Amino acid sequence: MIHWSNILAIIRKVINTYTQKNPRAARIMNIIWYAVIIIGLLPLLLVIFKRKDPSSEDAQRNTSSGQSTQQQNRSSSGKSSGLFGKVCLNAKAFLLDHELYENRSTNQQQESIMEIASSTTETDDANDERMKHLKKLANDCDVYIIVQVASDEEQNYYQDLLEKKYGFFNSVKILFCETVKGKIAFCRQINPQLCIDVDKETTRELKRFYEGVCMIQKNAKNSKNEHDILEYSNFLDLMSHLTKA
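The opening residue of the sequence shown carries number 1 in UniProt numbering; numbering runs sequentially from there.
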């Protein structure tokens, strides 16, 4: 059986004898010993120096407190109007009947857009409750306008109309798609607090993911339907309800 204690004692005796006869070897052994100590202390030194700088922690606290303050301010401003955060709004939910692409003749579309834009003055807008609600929504919330179109011509029509008459919305956040799945995909990516659309298929699907889902549909009863979706006959009635909630 190997007795390690005896072996280690013999090794130490040999090293001591050798270093006594060779002073230079003794210095080398001391250097090796100090190196072993330093290497052993490295993990502890790394832990000490990796601690966060108090000034950086204070900066992070200030940043986080600033962000929370901004969120609270945004929430409070939104709550004053009954809405807050991101909103996905189908353009066909607030456009007038005569502004819809399918209700206009092809030859008169461009001329009609110009007439609509030019006939709307600031005084008219101030007296138009629908426009007031739209402007307040654009001011208080992060609004994304979603339009389902069937052709490039229809897209160009709505693009011109929205920019000329409803220019208070961010043109970068006017999104076009060709299918219901496209509308749903946009909403899922945006992750809004409020969705306003015009068809049951879209609202039913969105209700699976979001609580704030509303639908604009003619002859609606201005109440929740069988799918627990708030359903109103026009945009003005819906906004009047939401701002009072």
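Keep in mind that the hints were calculated from the coordinates and are not lab data.
Every value quoted in this text rests on a predicted model; they were computed, and no experiment measured them.
Backbone N, C-alpha and C define an ideal beta-carbon position, used for all residues, glycine too.
Errors might be hidden in some of the hints.
[Stated by the list, open to error] No farther apart than 30 angstroms at their CA atoms in a straight line, the calculated lysine-lysine pairs in the BS3-like style are these: (1) LYS86 with LYS244; (2) LYS224 with LYS181; (3) LYS221 with LYS135; (4) LYS244 with LYS207; (5) LYS181 with LYS165; (6) LYS86 with LYS224; (7) LYS92 with LYS136; (8) LYS92 with LYS200; (9) LYS135 with LYS13; (10) LYS164 with LYS224; (11) LYS136 with LYS200; (12) LYS218 with LYS200; (13) LYS218 with LYS207; (14) LYS181 with LYS200; (15) LYS173 with LYS132; (16) LYS92 with LYS13; (17) LYS13 with LYS132; (18) LYS244 with LYS200; (19) LYS13 with LYS136; (20) LYS13 with LYS200; (21) LYS218 with LYS165; (22) LYS135 with LYS86; (23) LYS135 with LYS92; (24) LYS132 with LYS200; (25) LYS207 with LYS92; (26) LYS86 with LYS13.
[As the list claims (entries may be wrong)] Cβ-Cβ distance ranges computed for the label pairs, FRET-style: (27) GLY182 with VAL47: 22 to 30 angstroms; (28) GLU129 with GLY85: 44 to 52 angstroms; (29) GLU211 with ILE39: 26 to 34 angstroms; (30) VAL47 with ASN22: 20 to 28 angstroms.
When the hints from earlier in the document are held up against this structure, which numbers fail?
9, 10, 16, 17, 19, 20, 26, 27, 28, 29 and 30
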